[in-house]
Amino acid sequence: MDLQSVYNSNKKTIIGSDLEYIKNFQKKLIHNYVLDKKVLNHNESTKHIDKKIIKSINYFIKDSKPKIQIQKNNKLLTSSIIVKNGNDYLLHNIDDENIIFDSLYNKKDLMIEKINKYKDTFVDDYVVNLNSIFFNSSFDLYLRENSNSKIDLLHLIDAKKSTIYAKNFFKINKNTKLLLIERFENHLESNSNIVNYFEVEAGSEVMHLIIQNNSVNADLQFSSHINCHASSTFKQFTFNVSQASIRNHHYANLIGQNGKVDLQGIFFAAKNQIVDNKTLINHLSPDCTSNQTYKAILTDNAKASYLSKTFVDRKAQKTEGYQLSKGILLSRDSYFHSKPELKIYANDVKCSHGSTIGPFDDDMLFYLRTRGLDLNQAKSFLIKSFCMSLLDNIEEKTYKIEAIKLADKWLKKNSF
Amino acid sequence: MNSKKTLDQISAFDGDKYKYGFVTDIESDHPPKGLSEDIIKFISYKKNEPEWMLEWRLKAFKKWKKMKEPKWANINFPKINYQDIYYYASPKGFEKKPKSLDEIDPKLIDTYNKLGIPLEEQKVLAGVAVDAVFDSVSIATTYKGELEKLGIVFCSISEAIQNHPRLVKKYLGSVIPPGDHSFAALNSAVFTDGTFVYVPKGVHCPMELSTYFRINAENTGQFERTLIIANEGSYVSYLEGCTAPQRDTNQLHAANVELIALDSAEIKYSTVQNWYPGDDQGRGGIYNFVTKRGLCKGNNSKISWTQVETGSAITWKYPSCILKGDNSKGEFYSVAITNNFQQADTGTKMLHIGKNTKSKIISKGISLGKSQNTYRGLVKFLNRADKSRNYTQCDSLLVGGDSGAHTVPYIDSKNKSSVIEHEASTSKINEEQLYYCRQRGLTHEDAVSLIVNGFCKQVLQELPMEFAVEAQKLVSISLEGSVG
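Chains A and B supply the protein sequences, listed in that same order. First residue of the first sequence: 1, per our numbering; consecutive thereafter. First residue of the second sequence: 1, per our numbering; consecutive thereafter.
Read the hints as simulated data drawn from the structure, not as lab findings. Even for Gly, the Cβ is constructed at its ideal location relative to N, Cα and C. It is possible that some hints are incorrect.
[Stated by the list, open to error] Derived DSS-like pairs (lysine-lysine); straight-line CA-CA distance at most 27 Å:
hint : chain 1 : residue 1 : chain 2 : residue 2
1    : B       : Lys-107   : B       : Lys-71
2    : A       : Lys-37    : B       : Lys-41
3    : A       : Lys-413   : A       : Lys-38
4    : A       : Lys-51    : B       : Lys-41
[Claimed, not checked] Partial pick of chain A residues on the chain B-facing surface, computed with a CB cut under 10 Å:
hint : residue
5    : Tyr-89
6    : Tyr-142
7    : Asn-146
8    : Asn-148
9    : Leu-298
10   : Val-312
11   : Arg-314
12   : Tyr-335
13   : Lys-339
14   : Lys-343
15   : Asn-347
16   : Val-349
17   : Lys-350
18   : His-353
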C-alpha cells in the first residue's frame, strides 16, 4: 500500500490531520517521499537503515487519544513517566511544582507552534519525515527554572503490531538540572519511531541516559534534536542491547557560547540485526566543546554503521571537537561502517577524530588465558572492559550497573 | 635555511607567484571546438590508430553521453560546456613525432628549458628520463635508447598503440573501465597523449622516469592517459609534473592513470601538480578532474602514490590502490595546499581484497585565503582480506580565516581479523611553535613557512630527490602573501 492511502485510511488517529497547517505539512512530506535508487543508496538517513522500515509501511495504533493517570508515591524519590502504546501515560511524582507534563493532543496551538519551530530540523531525513506524516503520539515536558529533577521515562508496548510515531518536546529552563533515564523495553512485534526535541536554556545541565533493550521485531528509530544555549551542558549516553533493527540519530546545535555536548553510546548487535547510528554536532558559537564517541560490538551477520560529524561555523572560534568510533568484529560475517566527518570553517579550532575497527588484541587474550580464564571468559572480560572505559565517565551508578548486567546477559546469549 | 630559501625564491619571482604562467607563442593545429563522434574519429585518424582503438573510444563516448558528472565532491563550479572546448591541439608540424631534438621547433625546447626541464639529454640530470607532453602530443622522450637495452618500454601512449598493441589492448581500461564515471568515460573517448611504461620481469629500472605535462593552447582540454605495467619482480619510479599558462578562463584537465603491478613488482608514482590555480580573485585556473588507480594484481606487489597538490582552481583526485594480490601493499602520501579561491577535494581509496594486505595513508591539508580543502578517503576490507591492516592519518592546518578544512573518511570492514586505524586532526598553527621561532629571530612569514614545511615533511621525504627540493620550494611559495 502506498503512503497516501495508508495516511487516508488512518486519518482518524493521526494527530493534526484535521488541522490545516499540519495537514498541509504532511501532504508536502508525502509528496516528497519518493524512495528511488538515488535516495536509497545515497541519502544518509536511508543508506544504512534496515530497508524494510522505510519500504513497507504498516500502520496500527490502539488509540491516539491520550489517557493520563497520575499517581503519587512519596516512597519513590524519583519521578517517572510510563508511556504505554504511545498514549497511555502513567505518571509518578510529576507535580506541577517543578515538572509540568502534558499531552499535546488537546493543545492544538502549542502543537502547531512546536511543529513550525522544528520544521527545518532533520531535513531530508526520510525516517523523521515518516514520523511527521503519521504523527500519533506527543507530549510536552516543561521544567521550571532553577529546579533539579530526576525522571525515569519508560516506553512500553502491549498491543501487537503497534506503530508509534511520537514527537516529544522537552523544555529545560534556565539553571535547571535534569537527569533523564529513558528506557525502551518492547517485546512484541512493533515499530516505534520517536523523536525528542530538547531546548536546553542557558546555564542548564541535562544528562540523558538511554537503555534500549527491545526484543526481535520490536524495531525502533530513535532521534533527538538538541538546542544548547549559552553555558549549558547536554550529555547523552545510549546503551543498546536490543535484538531488533535499531536506528539512533542524534543531532545537537551549540547555539550559545560556552556550551558543551557529549553524545556517546555503546551498541551490541547479533544475528541478522541492522543497527544504524549517527551523531552530528553543529558548532554555531565560540568556545564550545563537543565529544562524540561510539563503541560497537558485532557478531554473527550483524551490520552496523556509525556516522559522526562535527560542523564548525566560521563564528565558532575556540571550538574543541572530539570524535571517536571503535568497533570490535567478533564473527566472519559481521560488517561495520564508520564515517567520522569534520567540516570546519573557523581557523582557531582543535578538532580531531579517531576510528578503529578490529578483532581482539591477541596479547591481551593470551595474558588472560595464562591467568586461568578460558577463551570465552577472557573474551567476555575484554568486551566488558571495552564498555567500562566509556561507562566509567557516567556518575549515575545504577545506570552503570544496569548496563553491565545487560551486557553480561548479551554475552551469555550470543556466540562469538 | 628553509626560510632563507623561501625569501630568495619569492623575490626571484618579483611578486608574481605563478612563474609558469607564460604562454609559448607557437602556432597550433586544432580541429573545431566541441565533442562529437567526428572529433573522436579525427583524433584517432591524427594518431594513426588501428580500428580497435577507435572502436574502444567510440564505445566510451556512447557511455559518456548517458552519464552525469559525479556530484558528491565538496566543490562548486559552473557547468562545464563540453562543446566549447578544443579536444585536440598540437604544435604545428607535429603530424609525425620528430625523430630527434634537432627537428623540434626551438620555441618548444625553450619552453621546457624555462620550466626547468631541459630536454637535451646531455643536460638532463643523470638518472631521469623525460617524456614531454605539450597540449595533446608528446613532443620528446629522452633516454629511450638506454632504457630499451634493458627491455623497458618508455614512450608516449600513441606510440605504444602502434608498437605494442598487444600490451595496450590487454591492460588499457583494465583498472579504470571506460564506464567507471563520467570523467573516466570522457578521457577514454578523447585521450590524446600520455605515457606508456612497461618494465619486464625482474628489471629494476635504473633511472626515474618522468612526464612533464604542459597545457599551452587556449580553450583546450588536456586529456592524457598514462599506463604503467610492472612485470613480475620489477621496480619503477615515475614522476609527473604539470603546469599551464596564466589565463582568465578555466581549462579542463581530465586525466586517467592506470598502474598494474604483477607479482612482487613495485611502482612508485610521484606527482607535483602545479597547474595554474587562478588569480587571487578566483578568476581562471585549471579544473583538474583526475582518475588515478593502481592495481596490485600479483602477490607481494606494492604501489605507492605520493602527491604534492598546490595548483589548479579545482582538484578532484583520488589516487587509489586495489590490493588484490595476497601480501600486497598500498601507500598514499599527500600534501594539498589551497590558497585564494582554490578548491581541493582529494584523497584516496584503499580496497583490500587479498589476504595480509597492508595500506598506509598520510594526508596533510593546508588551507589558506578563502580556499576549501577536503580530504575524502575510503578504506574497505572485503571478506577475504584476512589479517590485513590499514593505518590512516590525515591532518589539516588552517591558516586563512575564511578557509575551510574538511575530512570525510569512509571506513568499511567486513573482516574480523583485520585492523583499521584512523586518526585525524584539524588545528591552526601552534602558537608556541610560532613564538619559539619568532624568538629565534625569524619573521612571521618565515616561521609559518618553517612550521608548514615541518608539517609536510612526512610526505615530502617520500618524494624522489629531484622532486623533493622543488616541492619544498613550492610549499613555501604557495604560502606567500597569505600569512602574517
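Practice item. Determine which of the earlier numbered hints do not hold for this structure and return their numbers in increasing order. Key: Going through the list in order, the structure violates hints 1, 2, 3, 4, 5, 6, 7 and 8 and respects the others.
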